[in-house]
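Line by line, the protein sequences give chains A and B.
According to the numbering used here, the first sequence holds residues 1 to 260 in order.
According to the numbering used here, the second sequence holds residues 261 to 520 in order.
Calculated directly from the structure, the hints in this document are not laboratory data.
These figures come from a predicted structure and were not determined experimentally.
Ideal Cβ positions, reconstructed from N, Cα and C, are used throughout, including at glycine.
A few of these clues could be false.
[As the list claims (entries may be wrong)] Mimicking DSSO-like on lysine-lysine, the simulated pairs with C-alpha atoms at most 27 Å apart in a straight line are:
#1 Lys91(A) with Lys274(B)
#2 Lys318(B) with Lys91(A)
#3 Lys291(B) with Lys159(A)
#4 Lys318(B) with Lys419(B)
#5 Lys4(A) with Lys21(A)
#6 Lys268(B) with Lys91(A)
#7 Lys16(A) with Lys4(A)
#8 Lys404(B) with Lys91(A)
[As the list claims (entries may be wrong)] A few chain B residues facing chain A, derived, Cβ under 10 Å:
#9 Ala284
#10 Ile496
#11 Glu501
#12 Thr511
#13 Ile513
#14 Ala516
[What the hints assert, rightly or not] Here are some chain B residues pointing at chain A (derived, C-beta under 10 Å):
#15 Val325
#16 Ala345
#17 Lys355
#18 Ala373
#19 Gly402
#20 Arg405
#21 Ala423
#22 Asn506
#23 Ile514
Number of protein chains: 2
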Amino acid sequence: MISKNQTKFIQSLKLKKYRQKNSAFVVEGEKMVKELLMIYRQATSFVVEQIDAVYATKEWLAEEVALVNSCHDVLFEEVTKGELAKISQLKTPNKVVAVVRYLHSKNITPLVAPLQEHILVLDHIQDPGNLGTIIRIADWFGIKRLYCSTDCVDLFNAKVIQATMGSVFRIAPIYTNLELLLSQAQLQGIPVYGAMLGGEPIKKSVFKEYGLVVIGNEGGGIRTSLQTYLSHKITIPRLGEAESLNAAIATGIIYAIINL
Amino acid sequence: MISKNQTKFIQSLKLKKYRQKNSAFVVEGEKMVKELLMIYRQATSFVVEQIDAVYATKEWLAEEVALVNSCHDVLFEEVTKGELAKISQLKTPNKVVAVVRYLHSKNITPLVAPLQEHILVLDHIQDPGNLGTIIRIADWFGIKRLYCSTDCVDLFNAKVIQATMGSVFRIAPIYTNLELLLSQAQLQGIPVYGAMLGGEPIKKSVFKEYGLVVIGNEGGGIRTSLQTYLSHKITIPRLGEAESLNAAIATGIIYAIINL
């Protein structure tokens with residue numbers, strides 16, 4: 001059972017301004033909600049402050065009875081398929097929708113050399129699928145820190161959350177002023193690698209054990225005001241005719257070459 | 261101006277059965293249609309048999325007057341934004357939509373060693389964005405041949421076409437029976453590399469100068485009946501916690517490691 005007010009509230013979370021106003025977002029689908037609950041139970045998420053409620057069909061609640069019983073402080077509400085369709089943002093509504101309050105990412109800690117890893121920095125990534133996939137890549141390669149320019153697509157956009165396949169609960173980007181971040185890195189002598197056309201072929205590049213890796217916007221690449229902070233310009237050589245590589249593919253290739 | 265019948269015909273092409281019945285598909289958006297016309301003018305596409313018509317706003321026709329004039333045998337029709345919205349499959353209709361007749365991919369030529377490259381083989385890729393992105397990756401790395409199992413998503417699905425960013429006009433997959441294809445390779449002693457969990461770490465793998473690279477389904481990987489034909493099982497080591505990598509990301513990483 002779900003009230004009209006709750007339905008309206010959940011529907012409002014399709015829009016960034018209401019997500020921000022309420023520090024809330026929606027997680028949908030069996031796989032994602034299961035991952036959410038397991039991470040919440042372990043209290044290990046950087047993102048999840050609290051789960052308001054999980055709205056699920058009778059069928060899902062029966063299937064997941066063990067998980068449901070192990071999450072004492074979570075409110076589970078049984079809903080009909082019709083009710084679910086109203087709150088779902090998917091074309092084919094799944095069996096379960098969770099409403100989550102998020103933690104605000106902490107203030108940016110200054111970068112101090114040496115770092116532990118190659119931190120990922122995203123400049124104006126606009127496509128939700130790309131941001132989600134990039135978070136999943138970071139999680140695959142064990143990257144713990146990720147910065148986004150403030151004009152990147154919102155992390156809590158349903159399509160971003162979906163594309164992370166659960167990785168968002170382990171690694172959430174910090175939205176920040178990249179000029180300040182990169183200038184900090186520069187002061188500390190931390191290498192800043194930027195993926196750019198015309199850079200040095202990535203296999204010839206020598207990577208320090210740590211640094212920042214900057215990935216630019218899908219159409220425009222890394223903005224000019226950030227390019228001055230790059231200590232190394234790197235490129236994935238083109239052997240065929242495609243005009244460009246997708247931003248998430250480039251990220252995957254760069255991290256594979258650095259880390260494997 | 262566009263007739264009701266034409267509108268209805270173009271709308272029908274949202275469905276695979278009508279695309280197949282008419283050997284026709286739709287190309288949308290400024291960048292994609294421009295690429296289509298340029299490749300068509302050069303008569304170098306493996307995919308485009310004929311362009312039925314290009315429906316464009318007055319604005320687009322004025323902007324692209326040089327291109328329009330250089331394509332003598334293409335019919336350009338001016339349409340209103342309202343008419344465009346009716347034939348568009350995009351949420352935000354663009355300025356231009358083209359209707360294209362496609363060439364049927366030729367019968368599969370037997371594989372004879374030695375090959376010229378690492379041919380890409382896709383087993384049951386279901387997501388249109390993934391297939392499109394993979395075609396773009398192949399085009400980036402100069403891979404000329406690509407095979408798909410017959411249950412892969414349809415190449416002429418609008419989302420696939422869009423995600424290729426024009427690469428589909430240069431490299432189109434051949435849909436075929438992969439059991440037959442891989443058994444041919446086996447008979448010829450052509451190496452067949454398969455991306456699988458638990459395979460050999462890709463950086464430790466030794467790649468011959470040519471071979472087949474098999475990428476499996478998003479959820480299920482390479483189907484069991486094909487696994488027997490793999491001469492090498494390879495894997496991208498996981499350093500973090502994500503459960504899996506997206507199929508297109510895996511493809512990009514594997515081709516980067518083999519080819520760069």
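Outcome of the hint check:
1. Straight-line distance between C-alpha atoms of Lys91(A) and Lys274(B) comes to about 16 Å, which keeps the hinted pair within the 27 Å bound.
2. Between Lys318(B) and Lys91(A), the direct Cα distance comes to roughly 34 Å. Violation of the 27 Å bound is thereby established for this hinted pair.
3. The hinted pair formed by Lys291(B) and Lys159(A) meets the criterion: a straight-line CA distance of about 24 Å does not exceed 27 Å.
4. Restraint check: the Cα-Cα separation between Lys318(B) and Lys419(B) comes to about 26 Å, which is no more than 27 Å; the hinted pair holds.
5. As the CA atoms of Lys4(A) and Lys21(A) are separated by approximately 20 Å, the hinted pair is consistent with the 27 Å bound.
6. Between the alpha carbons of Lys268(B) and Lys91(A) the distance comes to roughly 24 Å, so the proposed pair stays at or under 27 Å and holds.
7. Restraint check for Lys16(A) and Lys4(A): the C-alpha separation of about 21 Å stays at or below 27 Å, so the hint holds.
8. Taking the CA atoms of Lys404(B) and Lys91(A), the gap is about 35 Å. The hint is violated against a cut of 27 Å.
9. Interface restraint check for Ala284(B): the shortest CB-CB distance to chain A comes to about 25 Å, outside 10 Å, so the restraint is violated.
10. Checking Ile496(B) against chain A by beta carbon gives a least distance of about 7 Å; that is within 10 Å, so the hint holds.
11. For Glu501(B), the interface hint holds, the least distance from its beta-carbon to any beta-carbon of chain A being 6 Å, beneath 10 Å.
12. With a cut of 10 Å, the hint placing Thr511(B) at the interface with chain A holds, because the nearest CB-to-CB distance is about 8 Å.
13. Nearest Cβ of chain A to the Cβ of Ile513(B): about 4 Å, under the 10 Å cut. The hint holds.
14. Look at Ala516(B): its Cβ gets to within about 4 Å of chain A, closer than 10 Å, so that hint holds up.
15. With a least beta-carbon distance of about 23 Å to chain A, the hint placing Val325(B) at the interface is violated under the 10 Å criterion.
16. The criterion of a C-beta within 10 Å of any C-beta in chain A is not met by Ala345(B), whose closest approach is roughly 20 Å, and the hint is violated.
17. Interface hint at Lys355(B): violated, since its Cβ lies 17 Å from the closest Cβ of chain A, which is beyond the 10 Å cut-off.
18. Proximity of Ala373(B) to chain A is violated relative to the hint, the smallest CB-CB distance being about 22 Å (cut-off 10 Å).
19. This hint holds: Gly402(B) has a C-beta 3 Å from the nearest C-beta of chain A, less than the 10 Å allowed.
20. The criterion of a C-beta within 10 Å of any C-beta in chain A is not met by Arg405(B), whose closest approach is roughly 12 Å, and the hint is violated.
21. The criterion of a C-beta within 10 Å of any C-beta in chain A is met by Ala423(B), whose closest approach is roughly 8 Å, and the hint holds.
22. Taking 10 Å as the C-beta cut-off, the interface hint given for Asn506(B) holds, the closest approach to chain A being about 5 Å.
23. This hint holds: Ile514(B) has a C-beta 9 Å from the nearest C-beta of chain A, less than the 10 Å allowed.
The structure fails to meet hints 2, 8, 9, 15, 16, 17, 18 and 20 from the earlier list, while all remaining hints are met.
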